[in-house]
Every structure is written in C-alpha cells, then in structure tokens.
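Engineer: With the hints as constraints, model all of the structure from the sequences given.
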Amino acid sequence: MTKFNFDDLIKSLYGSLIDPDGFKPFLSKLIEQCNFRSGALIMANMETRDVNIIWMEGLELENLQLFMERLDRKDPLIEKLVKAAPGSLIIAGDATREDARINEPEFYHDWICELDIHYAAGAVLTIEDGWVSQMVFQRRHDQGMFLPDEMDMLKQLIPHMQHAMHLHHIKVDQDKQRLLSQLLFDQIQQPVILLDNANNVCHCNQKANAFLSKSMPLKIINRKLQSIKTNKNTEIDLAINACRTNKSTQTVHIKTKDNHVLALTFAPLVKENNSIEDGIAIFIYNSEQAPNLDLQILHDLFNLSDKEGKVCCELVNGRSPAEIADLHYLSYETVRTYIKRIMKKTQTSRQNELVAKLMSSPAFYPITSPSKV
36 MTKFNFDDLI
46 KSLYGSLIDP
56 DGFKPFLSKL
66 IEQCNFRSGA
76 LIMANMETRD
86 VNIIWMEGLE
96 LENLQLFMER
106 LDRKDPLIEK
116 LVKAAPGSLI
126 IAGDATREDA
136 RINEPEFYHD
146 WICELDIHYA
156 AGAVLTIEDG
166 WVSQMVFQRR
176 HDQGMFLPDE
186 MDMLKQLIPH
196 MQHAMHLHHI
206 KVDQDKQRLL
216 SQLLFDQIQQ
226 PVILLDNANN
236 VCHCNQKANA
246 FLSKSMPLKI
256 INRKLQSIKT
266 NKNTEIDLAI
276 NACRTNKSTQ
286 TVHIKTKDNH
296 VLALTFAPLV
306 KENNSIEDGI
316 AIFIYNSEQA
326 PNLDLQILHD
336 LFNLSDKEGK
346 VCCELVNGRS
356 PAEIADLHYL
366 SYETVRTYIK
376 RIMKKTQTSR
386 QNELVAKLMS
396 SPAFYPITSP
406 SKV
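Taken in order, the sequence shown gives residues 36 to 408; the numbers are from this note's numbering.
Calculated from the structure, these hints are not laboratory results.
Nothing here was measured: the structure is a model prediction, and the numbers come from that model.
Careful, some of the hints might be misleading.
Unchecked claim - Straight line, CA to CA, 27 Å or less: simulated BS3-like cross-link-like pairs of lysine-lysine:
#1 Lys190 / Lys109
#2 Lys267 / Lys118
#3 Lys59 / Lys249
#4 Lys59 / Lys267
Unchecked claim - Label pairs and their calculated CB-CB ranges:
#5 Glu163 / Lys190: 39 to 49 Å
#6 Ile205 / Asn294: 37 to 47 Å
#7 Asn338 / Glu163: 40 to 50 Å
#8 Glu358 / Asn294: 26 to 36 Å
#9 Lys282 / Asp164: 33 to 43 Å
Think of the CB as a built atom: it goes at the ideal place given N, C-alpha and C, for glycine as much as any other residue.
Structural biologist: As structure tokens, this is what we get:
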C-alpha cells in the first residue's frame, strides 16, 4: 500500500491558487508521494483531438514536442478521456498498452517504450466549449500498475481538483480585469502576450491565443512562455531579464519548421500609473515585415505632427523613450514631451495604453500573421 498524506495533498492543491508557481509544486508533491513517473494538466479538444499542455512535471520539453507534433491524436488514454464525463477516472494498463502495440505502433514505440511510460491514469475535470480539462499521471514499468488504494485516493482527489481549477479560472479572470482595465491589447491585430513581475503569462490577446493554438515553436507551459526548441529558452529568459533590468526593448528570433523567422519583441511596461508593476509586453510578428503606422492617417485621426507620428512609429516597434532619443538625436526630455502631447491628443494616460490604441487604430499596418509562417 502506498503511503500518502491526503490532507497534505489537499493543502498543497489549494495552495496552488496563491503560489507563484501555480500547480507545479502540487504536481511535484503528488508525484513524489504516489510514486508516479510524471504528471500533467492538459486540455484536449473533443473534435480535433488537439492537445495543449498547461502544467507539467517530470516530462521534458523534447518529450512534449514529440507528443504534440506526432502522437497526441494516437494516445488511447486521451481518446477515452475526451469521451468521458467530468469526474471520471480512466486507467490505462496492460490491456491498453497491448492495444496500442497492435493499433498504434508509433505511439507504442516512441512514447511507451522509449520514455518508459507503461501505465497511465487520467481524470476528467471539466468540459467547456468543446475542450476537456484533464489531469494525467504516468508510471514506469518498474513502478507497477496503480493499486486499488491509489485509485481510491485519486477518485477522492478529483472533486478537489475540479474545485481548485474552477477557483483558479475565476482568479485568472479577476486578475485579467484588474490588470487590463482600460487597456486595448485585445483589439490589436497582432499577437501580444503580457508577463507579470514574476515572468508569468498573465494575459494573451485574441490573436496570441489563436497563434499559440497553432504554432509549434511557442507554447505556454507552467504559466511560462516556452519555446519547444529548448535552446531558445535561455535566450528568451535573458531577453526578459534585460528588458526588465535595463528598461529597454529586446528582440529574439526563432525559426519555424518552415524556415520562416518569428520575431519576439519584449517591451517594458511603464511602471508609473500602471497596475502591472514591472510588466512586459511581448509582440510577435514575422520578422520580415515589421509593424508600422500610416503618418497621414495618424494626423487625420489624432491631429499628430510628423515628429509626433514618428515617435508613435518607434513606440509601436517596441522602442523605449531612451532608444527613440538616441535614434533621432533628441534629448530624453524632448521625447517624453512628445509622448505627453501624444497621450493628450489620443486621450490615453499610460504608454502601454497608447501603444495599444495606436495598434488598434486604422493607421496600423496589418502585418502578415505569424500563424501563417
């Protein structure tokens, strides 16, 4: 019989709601106490069988790349879970493994055998808008099949996980409203991701959500923006740190599998009068076509001068006031004066709000959607 402290697990589960690392510590504790190989919280689409991995522990990014690119629609456990009712616990044991060996040889060889994932258990948490929220756990061959007392414990845990996830979604929605009041990022026709002061993703606009659902290079896992090409994650981390420390714009380029190049521009959000303290906005676009603004339309819309319009163009391209000053041989104070005038004319009060308004205006050039590259 496995020894586990149910009360300790419940405490850790609900503690995830206030932990900066979210549900990751809970997954670690559950995996350790129950002798699991790995665990993850995933979202699976009932129609397309597309899979998004939200939280994970015990799996490497290389494993996720393999799974999401080739194996997600061949997983017999997910196949059963997307058809199950909320609260269900599904076990994939010897019979499931044998069935996969016969009917899904690629999944059997590359996932079960190569990664030593011989046993799996999955719990259906919620079903919403065609997406099934699931918690899945794996075991190696030497760890053995799930025992009756372990399955009983998981069944007892499911209602608590459902409740915790419900509270988590409420908290996320509340945080979004608090952090993004009066901002216009959702209207920008370009993927934009916002990071909070802990480098966690706190919001994606509609274009970013659509892009992330289709793009393999970038995913949000454990609330962090991750590149499936793991060699790029260090570069992303360095760009975020430099952006926050130096208050300067940073850019990272990532090649797609079609050899196109994505540009990720990291821009610091102005701290003054900004509820996202030390936040960062990440703009994603095809690096071959940088975003731009039509100066004549800007003039017609907001009565901006040519110099004010050029400052707007630089802001949209992610440059800070200091960088604009250096680029145009102006003093920092002059650039700040231009920005204050622009804010008055555009009826905005914060730099990030100004950028969002400019990018949602008719003056903004719609660039090639990065989801097509």
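Engineer: Now tell me if each hint is right for this structure.
Structural biologist: To see whether the hints hold, each was checked on the structure:
1. Lys190 / Lys109: holds, 25 Å
2. Lys267 / Lys118: violated, 37 Å
3. Lys59 / Lys249: Status holds; Cα separation ~24 Å.
4. Lys59 / Lys267: holds, 22 Å
5. Glu163 / Lys190: 39 to 49 Å: Since Glu163 and Lys190 have Cβ atoms about 22 Å apart, the given range 39 to 49 Å is violated.
6. Ile205 / Asn294: 37 to 47 Å: Holds, since Ile205 and Asn294 (Cβ atoms, about 42 Å apart) stay within the stated range.
7. Asn338 / Glu163: 40 to 50 Å: holds, 46 Å
8. Glu358 / Asn294: 26 to 36 Å: Since Glu358 and Asn294 have Cβ atoms about 30 Å apart, the given range 26 to 36 Å holds.
9. Lys282 / Asp164: 33 to 43 Å: holds, 39 Å
In terms of the numbered hints stated before, the structure departs from hints 2 and 5, listed from lowest to highest.
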